[in-house]
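Q: Here's the letter readout for the chains.
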Amino acid sequence: MNADFTAEELAFKEEVRTFLKNEFPADLKAKVDASVRLGKEEMVRWQKILYEKGWAAPTWPVEHGGTGWTHTQCHIFATEMGLFGAPEPIPFGIKMVAPVIMAYGTEEQKQRFLPDILASNVWWCQGYSEPNAGSDLASLKTSAERQGDHYIVNGSKTWNTLGQYADWIFCLVRTDNTVKKQEGISFLLIDMKSPGITIKPIELIDGFAEVNEIFFDEVRVPVENLIGEENKGWTYAKVLLTHERTSIAGVPRSKRRLKALRKLAAATDDGLGEFMSENPSFNKRIAEVEIELQALEYSELRTLAALNVGKAPGPESSILKIVGTVLAQRIDELFLELAGYNALPYVPEQFEAGFDGMPLGPGTTASTALTYFNNRKQSIYGGSNEVQRNIICKAVLGL
Amino acid sequence: MDFSYSEVQQMLQSQVQKFVRERYDFETRNALVASEKGYSEEFWKLFAELGWLAVPFTEEEGGLGGSAIDLMVMMEEFGKANLVEPYTANAVLAGTAVAQLAEGPGKQDLVNSIMAGERQLALAYLEPQSRYNPFNVETLAVAEGDIVKINGSKTGVLGGAVADQFIVIAREFGETRDRNGLSAFLVDAEAEGVIRRNYPTVDGKRAAELEFANLRIATNARLGIAGEAATGLQLAVDKATVSACAEAVGALEVLLQKTVEYTKTRKQFGTAIATFQALQHRMADMFIECQLARSIVIMAAMALDSQEGEKEKTRAVSAAKSRLGKAIKVIGQEAIQIHGGIGMTNELDVGHLFKRVTALDLQFGDGEYHTERYASL
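Sequences listed follow chains S and V, in order. According to the working numbering, the residues represented by the first sequence are 1 to 399, in order. According to the working numbering, the residues represented by the second sequence are 1 to 377, in order.
Read the hints as simulated data drawn from the structure, not as lab findings. Hints should not be assumed to be uniformly reliable.
Using 25 Å as the maximum straight-line C-alpha spacing, the simulated DSS-like pairs for lysine-lysine come out as follows [stated by the list, open to error]:
1) S/K394 x V/K267
2) V/K258 x S/K394
3) S/K255 x V/K311
4) V/K326 x S/K284
5) S/K53 x S/K29
6) S/K255 x V/K326
7) V/K264 x S/K394
8) S/K259 x V/K311
9) V/K311 x S/K284
10) S/K284 x V/K267
11) V/K264 x S/K263
Chain S stretches covered by chain V per the calculated footprint, using a threshold of three residues with CB under 8 Å from any CB of chain V [said to hold, decoys possible]:
12) 170-180
13) 275-286
14) 303-315
A partial selection of chain V residues facing chain S, derived with a Cβ cut-off under 10 Å [what the hints assert, rightly or not]:
15) S4
16) G65
17) I69
18) V73
19) S153
20) L256
21) L279
22) H281
23) F287
24) S295
25) I298
26) D349
27) S376
Beta carbons: idealized from backbone N, C-alpha and C, even for Gly.
Using the sequences provided together with the hints, build the complete structure.
A: Right, here's the structure in full:
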């Protein structure tokens, strides 16, 4: 039993580090370090750099433009990206819709959609949740009725992330009302420029509208945009949900943030003549988070080792999701504690490009509260942490 | 990267499982707890024959390799059975102290007698004022010619009630909390000047308090160099800490498993209580705690087996013991709570496992202590 990387893997790690240091644009690095949100142009710019390098979709099969890396190499790549602060490509295309197209799409669909996903020519978004179908996703109601060569789609989708940038949306739609709810769902790709689609931003508690509600009013979708068989969409979506879950723990990102937290603590007065880095109670809380992070990291490595010997990730990904998100939220709390009054100014435009006023709060601390607010989403999205517990109960404990 | 068990580890695991299945049920354990010695000498001999007592020792010492991962695999199974034999106290804590500190032919004799199951050794290092700090030692050893005079007292000596000999940590020079100045001495339990007060512990094991009143021993009873026992002592305590953590992981898994089984059979309001989500999610949390505990113990065992420095090893061990402290409270308390009244009784093994993991939390420093130690390193 060992957790060591081979010489080849260590060399690969160096290669990734060198690439990130040389190729991740300096202006984006500065924004990431200052906790400033990246815009569409910036994200696409970075994704195209990854594409040029051939690293846009490490886990894809080589025939579609993947890397052919081992699970361990994919892990190293994701880890180095997270430690450096380079964002992973937006997941909706590469990690979410593409595997479904590869597994269940026709040859024609693969040719039509995959190259543009890989090259970041097309921005995808997800149409799963509905106002009345959240954790109980299978109860979704958006309908797709077959009329000749088209489906007529009516209904609405919500919690659609960054749909304001999207060219295409992949949706779960109801194609049969007469059967068990899971058995009447289909997987449909829809062009966002289709007549009848309207998009309404939803402002979150941090003041930014990163999610939307999307309305479909008699939207005509060609039948060739159906993936796989009609009424099999739920099965496809479930397969997709068990994919790509090993990096869900967010270990490298939390490591990077803890490092930044320690640095900030060493520069933050405690009001009693010392710095917060010398406050035993604060240090103990940092230690607890760091220890939890190590327990999480080794849980992730155990899952990875199981993948390496051909075991599909099972309910372990539920553990990684729950623990990883709660930990990230605890780090937010520690940042908030350090920031104190500096977290109170609400001047979000100071984090936007082109702001030329006087920044409020030292360094990054003025965005701390907004990050804390925003990250409350982590334990809700991707199957809420309560739904993850249901999965553990059912799949592991037999309850 | 490879998290699978080696052949030796698989063999150890299945050997212990077979022994427990065939010979170590709950009633057997209860009878041993109530017996005069508090453990089975017959089983101890069997452990020696099966090579289990050789696990903590290196091949040069005639042992199985001394790997902390091997030890972890075996201790988990001991934990599942809630074994009362003083394995960690004797073979790991005292054994590692001997292996680290003793020198020359005397060392091999001692190691051989531990591996053969012929001698029960216990490490007497903590004192009433030391709390969990192994270097906080007031017991004094004063050399006079070829005699050493020892005065002082020791507390919480695990396995001390059944020990034939003690390894006593005493100070030859330096201040109370100095690393330097500590020596280890081999002392016969029956020697004049040794006052031993035996007591049973809450988890069904045996321990002792010791007092040394003008104890006189020969200078050749000193293990290793005068005043330089600290590093070996630290390693022995660290290895015993990982051993305790691994034992706890096994016990916690059984607590979870028994709790889940119980909720599937216990009916209230016309249905199995396993159907209540208020209980389901708490059992999911117990499962998560088990997995995190297992992961971090693997990390600590790997660190002990690595080429890392003493500080890195101690830090990894503290991380594990800190995290185990939390898991022990969550799983132990929830197991009792979800069992309800029956969980409060001594009739059920669940309560005994709860008591054992509680004791394991306190031994070698509880979770809070280790969090602070981790933060200070």
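Q: Looking at the structure, which of the earlier hints fail to hold?
A: 10, 11, 12, 16, 19 and 26
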